[in-house]
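Residue numbers (full-length UniProt numbering), protein chains in the order written: chain D, 1 to 279; chain P, 1 to 380; chain C, 1 to 306.
Heads up, a few of these hints could be off.
Claimed, not checked - Keeping only pairs whose Cα atoms sit at most 35 angstroms apart, straight-line, the calculated DSBU-like set for lysine-lysine is:
#, chain 1, residue 1, chain 2, residue 2
1, D, K164, C, K301
2, D, K101, C, K301
3, C, K301, D, K107
As the list claims (entries may be wrong) - Listed next, with one range per pair, are the computed distances between beta-carbon atoms:
#, chain 1, residue 1, chain 2, residue 2, range
4, C, A211, D, I58, 36 to 44 angstroms
5, C, A58, D, M115, 35 to 43 angstroms
6, D, I30, C, T111, 38 to 46 angstroms
7, P, A2, C, R209, 35 to 43 angstroms
8, D, L166, C, L156, 58 to 66 angstroms
9, C, A194, D, D169, 24 to 32 angstroms
No wet-lab data here; the hints were simulated from the structure. For clarity, every value in this text was computed on a predicted model and none was experimentally measured. By construction, the Cβ of each residue, glycine as well, lies at the ideal position given by its N, Cα and C atoms.
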Amino acid sequence: MAERATPLYRDTPRLLLLALAGLIMLMPYIWMVAASMKPLDEIFRASLTLLPERFHAIENYGKVFARIPVGLYLWNGLVVCGGILFFQLLFAVPAGYALAKLRFPGKEFVFGAVMLGLLVPPHVQALPLYVAFSQMGLLNSYTALIAPFTISVFAIFLFRQFFKSLPDDLIHAARLDGFSEMAIVWRVVLPNAWPAATAFSIFSVVAHWNDLFWPLIVVNGQDYATPALGVMYFRSAEAGDDFGALMAAAVIMTAPLVIAFLLAQRRFVEGIATTGLKG
Amino acid sequence: MAGIRIQSVTKRFGSTQVLRGVSLDVAAGEFVALVGPSGCGKTTLMRIVAGIEQADGGAIDIGGRDVTRLRPGDRDVAMVFQSYALYPHLTVAENIRVPLALRRLNAWQRLPAIGGLLPGAADANHLMEQDVRRAAEALGLRALLDRRPAQLSGGQRQRVALARAIVRRPKAFLMDEPLSNLDASLRVQTRREIVDIHRQSGAATLYVTHDQSEALTMADRVAVMQGGELLQVATPEAIYADPQDLRVATFIGSPRINTLPAETGADGMVRVAGHPVGLWGARPGPLTLAIRPEDLVPAGTGLPAVAEAVEFLGESLLLHARHEATRTKLVLRLPPEARAELPAPGAAFHLQFDTTRALLFGPEGRRVGVSALSGEAAFV
Amino acid sequence: MSDAALTQALPRPARLALGETATAWLLSAPAIIAYLLMLLLPTLATIALAFTDFELGATGFAWIGLDNFAEMLSDRGFMTSLRNTIIYVGLVTPGSIAGALALALLIEAGTRGRTFFRAVFFLPVVSLTVAMAAAWQYLLHPSIGPLNAMLRVAGLGAPEWLSSSSTVLLSLAAIGIWENLGFNLVLFLAGLTAIPRELYAAAEVDGARHAWQRFRLVTWPMLGPTTLFVLTITMIRAVRVFDTVAVLTQGGPNKASQVLLYTMYEEGFTYFRLGYSAAITLVFLAIVLAMMWLQTKVLDKRVHYG
Ligand SMILES: Nc1ncnc2c1ncn2[C@@H]1O[C@H](COP(=O)(O)OP(=O)(O)O)[C@@H](O)[C@H]1O
Ligand SMILES: [Mg+2]
Numbered sequence: 001m002a003e004r005a006t007p008l009y010r011d012t013p014r015l016l017l018l019a020l021a022g023l024i025m026l027m028p029y030i031w032m033v034a035a036s037m038k039p040l041d042e043i044f045r046a047s048l049t050l051l052p053e054r055f056h057a058i059e060n061y062g063k064v065f066a067r068i069p070v071g072l073y074l075w076n077g078l079v080v081c082g083g084i085l086f087f088q089l090l091f092a093v094p095a096g097y098a099l100a101k102l103r104f105p106g107k108e109f110v111f112g113a114v115m116l117g118l119l120v121p122p123h124v125q126a127l128p129l130y131v132a133f134s135q136m137g138l139l140n141s142y143t144a145l146i147a148p149f150t151i152s153v154f155a156i157f158l159f160r161q162f163f164k165s166l167p168d169d170l171i172h173a174a175r176l177d178g179f180s181e182m183a184i185v186w187r188v189v190l191p192n193a194w195p196a197a198t199a200f201s202i203f204s205v206v207a208h209w210n211d212l213f214w215p216l217i218v219v220n221g222q223d224y225a226t227p228a229l230g231v232m233y234f235r236s237a238e239a240g241d242d243f244g245a246l247m248a249a250a251v252i253m254t255a256p257l258v259i260a261f262l263l264a265q266r267r268f269v270e271g272i273a274t275t276g277l278k279g
Numbered sequence: 001m002a003g004i005r006i007q008s009v010t011k012r013f014g015s016t017q018v019l020r021g022v023s024l025d026v027a028a029g030e031f032v033a034l035v036g037p038s039g040c041g042k043t044t045l046m047r048i049v050a051g052i053e054q055a056d057g058g059a060i061d062i063g064g065r066d067v068t069r070l071r072p073g074d075r076d077v078a079m080v081f082q083s084y085a086l087y088p089h090l091t092v093a094e095n096i097r098v099p100l101a102l103r104r105l106n107a108w109q110r111l112p113a114i115g116g117l118l119p120g121a122a123d124a125n126h127l128m129e130q131d132v133r134r135a136a137e138a139l140g141l142r143a144l145l146d147r148r149p150a151q152l153s154g155g156q157r158q159r160v161a162l163a164r165a166i167v168r169r170p171k172a173f174l175m176d177e178p179l180s181n182l183d184a185s186l187r188v189q190t191r192r193e194i195v196d197i198h199r200q201s202g203a204a205t206l207y208v209t210h211d212q213s214e215a216l217t218m219a220d221r222v223a224v225m226q227g228g229e230l231l232q233v234a235t236p237e238a239i240y241a242d243p244q245d246l247r248v249a250t251f252i253g254s255p256r257i258n259t260l261p262a263e264t265g266a267d268g269m270v271r272v273a274g275h276p277v278g279l280w281g282a283r284p285g286p287l288t289l290a291i292r293p294e295d296l297v298p299a300g301t302g303l304p305a306v307a308e309a310v311e312f313l314g315e316s317l318l319l320h321a322r323h324e325a326t327r328t329k330l331v332l333r334l335p336p337e338a339r340a341e342l343p344a345p346g347a348a349f350h351l352q353f354d355t356t357r358a359l360l361f362g363p364e365g366r367r368v369g370v371s372a373l374s375g376e377a378a379f380v
Numbered sequence: 001m002s003d004a005a006l007t008q009a010l011p012r013p014a015r016l017a018l019g020e021t022a023t024a025w026l027l028s029a030p031a032i033i034a035y036l037l038m039l040l041l042p043t044l045a046t047i048a049l050a051f052t053d054f055e056l057g058a059t060g061f062a063w064i065g066l067d068n069f070a071e072m073l074s075d076r077g078f079m080t081s082l083r084n085t086i087i088y089v090g091l092v093t094p095g096s097i098a099g100a101l102a103l104a105l106l107i108e109a110g111t112r113g114r115t116f117f118r119a120v121f122f123l124p125v126v127s128l129t130v131a132m133a134a135a136w137q138y139l140l141h142p143s144i145g146p147l148n149a150m151l152r153v154a155g156l157g158a159p160e161w162l163s164s165s166s167t168v169l170l171s172l173a174a175i176g177i178w179e180n181l182g183f184n185l186v187l188f189l190a191g192l193t194a195i196p197r198e199l200y201a202a203a204e205v206d207g208a209r210h211a212w213q214r215f216r217l218v219t220w221p222m223l224g225p226t227t228l229f230v231l232t233i234t235m236i237r238a239v240r241v242f243d244t245v246a247v248l249t250q251g252g253p254n255k256a257s258q259v260l261l262y263t264m265y266e267e268g269f270t271y272f273r274l275g276y277s278a279a280i281t282l283v284f285l286a287i288v289l290a291m292m293w294l295q296t297k298v299l300d301k302r303v304h305y306g
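Isolated chain D, as found in the complex (with noise of 0.2 angstroms):
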């Protein structure tokens, strides 16, 4: 396969063949940057040219950002993001060592119930959750956003995978050395569990900056809204037909991961697949 240097000419062939589906890939970014720096009458022409003839791309920017808040929308999904990641992290990673390096009656019981717990999509529990937060009164709080997700069957069992290979002796050790139980999970496990955190909070974080079904029964309104909410309210009630301001707000609300992706493509992809691979 790929043994020798292949000489450029006769590789040409897989490239462009690659670059075509490439660009086929990237069409839906191409026109919906291109879309976001044209005035409506020029959309409205349907010309296939990409450059805007007139540039307005600061009236369409201008006007997502007059129309509706972009900046909560933004920190409400990195509030809602970073807790629930905080949250699943907390909770996740002291099960997982106790499953991995721990003896104690019941442990095949508890393994057994996060096995279950992977089976079962997180759809599954909306309706009743649902009933409870607007039985409490919280619908429309960080809580009803955050809370379902803070357990994450699936981090604990990739934490309990990557625990169980690290070697019992350093645990051993850190017990002679004194450490209590609680200090070797944050000081000696949790540093030497990087990879697999890293892998994980940018799979974590993928899912629910991108997740529309959860925020859309919970939330009702601006103040709440995350992201993907707010493309929709702008797209349904503000803009209407204006495809240029609405291009305009899906490329800002879609820019923060794509920037964080292309920066650290490697850890990303590399999160996404090794994480993908094991659930």
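Guided by the hints, dock chains P and C with the ligands onto chain D, whose structure is given.
Relative to chain D, chains P and C with the ligands alone:
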């Protein structure tokens, strides 16, 4: 005598020149072991002969045919890989059958289920079954034909790889360290079997190993490679007793051959740290004197040395010593009975050797001529 | 005092084991509590709900046995959504797997452009689905969309893509393939890298002259576990289709893009028929479980050669 003929093959990977013009002939029916340290280019040469890798320059003939531009499948060679490279999803029988099926059946006949119904397929399949059975029998695999590689031990996998290689009776066998993944006792036992298989096949066998004892015990001829060059190609006896290059002398033989810096004086006498050693060189200048451990003996007179330690090996023993004047470590291999008379560690003693077996190498490591005063000359 | 003496007298391993058990439960306690509250209890409640006629805002509810499930059979909306979901999965799964495998093989066949193309194809995975759905809406717009503008230039018709009931599912599936391709591609690339190079060399020496023969003899069987995993995970992701439907079509036109989760969402959170919605959720869960069962029990045996 058409076997494998390798002519001035060169190969570079990026900026590293891996093969620097290697030429080697393996006659039909001959077993040649290619031996050399790790990373010297053995595998690369092997892959070039098989056609998996392309040479930058040079040519390869197999069975009297120039195959330099042919694909591996058209070269009439079989290869046994270090990792065996068995197809994990196929049974032992299917693994052995692959090279036959790919050659004897066309694309339609290879189709699962319906392929067997096509004209000619039934006969071909029957013949292939027979060949697979014969190869499996030759390697004692009858009982394992329906197993998958994962259900086999290392030694059994190794046999499957051999069976896959012999099943189509190629003109040439290439084996790349086929025993290096086996444990020591199995390794010694399998050596014989590989040689037997080779004898029966009558093919030219090129056998790569980094283990010199494998090379010496199995091969008709041994080719010593280092840094992408062949240093010497000769029978095992000649490689051991008559190395033409200092690097060959030091690579072959365990424990390593003893080397001492020496010098030919204006009078033609070879001296080690001023002591004449009973040898005459052709030209004045610096030399290296090399003597196998079994050719050195302790004596009352001769080269002064200090004993350091004794290792008992069972059939022999090793005496480690130092030549103080040149700060050189020396090893003597002695019969176990010699133990009682050995100098104690730290004690000074003297060394003698058979000058007809001493080797002299010039400053570039090439062997230089020697003339001895007498058969049993010693240090004076 | 005597207590302390007793603890002192206990043999060390026993004391350590006791401490280990307590520590383990203590460490797991937050996870266990969250598991019970957020996962187990709600799941059981959903199962229970499915057998009631519970509606939000109604004064009481009754156990109605399997009535909800009986209703589904005669509910045109549900049956359509089930059919549409199956069609959607049936399009997205082979499409995104074949596409990903082909592209992975192309990328792996050379050394140039690996990282670049991987990033390009992976981009949709990290992009906000709702925002990209809006971009697709523009791209596929019947009158002002660039796609139809290109088709007009080429003299082909101008389909209505998302607003015609004959093309809407196809359009959503195309978006679905676009979304899932990069994820599968990365998994295939990892699978391909793990195939020992020597197997290809052995195949060549054995006489596999054509790339296709080597693919059949080495790549495809060695990729078996990866393909199975990709198959399962793609099906499960496809069954969950919700975002694009919610943003682009709301199940329309005329229920032509009604899918399982969207029907469940509408019944539960628009009409507040929680009992019925819970029953639909259980159907969804049953489908997901069936897919996982298929993976572990049926197909797994055929791709692992241990
Ligand atoms: N595909 C390759 N690309 C770059 N360098 C290689 C490649 N294959 C081998 N080499 C280099 O060529 C040298 C010889 O390798 P090899 O033939 O495998 O040695 P040996 O089999 O004798 O141990 C080594 O330095 C190795 O690193
Ligand atoms: Mg090698």
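Right, here's what the structure says about each hint:
Taking the CA atoms of K164 (chain D) and K301 (chain C), the gap is near 26 angstroms; set against the 35 angstroms cutoff, the hint holds. For the hint pairing K101 (chain D) with K301 (chain C), the CA-to-CA distance comes to about 30 angstroms; that is within 35 angstroms, so the pair holds. Taking the CA atoms of K301 (chain C) and K107 (chain D), the gap is about 28 angstroms. The hint holds against a cut of 35 angstroms. A hinted range of 36 to 44 angstroms for the beta carbons of A211 (chain C) and I58 (chain D) is inconsistent with their spacing of about 52 angstroms.
Checked against the hint of 35 to 43 angstroms, the pair A58 (chain C) and M115 (chain D) passes, with Cβ atoms roughly 37 angstroms apart. In this structure, I30 (chain D) and T111 (chain C) break the distance hint of 38 to 46 angstroms, their C-beta atoms being roughly 27 angstroms apart. Remark: the range hint 35 to 43 angstroms for A2 (chain P) to R209 (chain C) is contradicted by a beta-carbon distance near 24 angstroms. As the Cβ distance of L166 (chain D) to L156 (chain C) is approximately 60 angstroms, the hint placing it in 58 to 66 angstroms holds.
Distance hint for A194 (chain C) and D169 (chain D): a CB-CB separation of about 29 angstroms, consistent with the stated range 24 to 32 angstroms.
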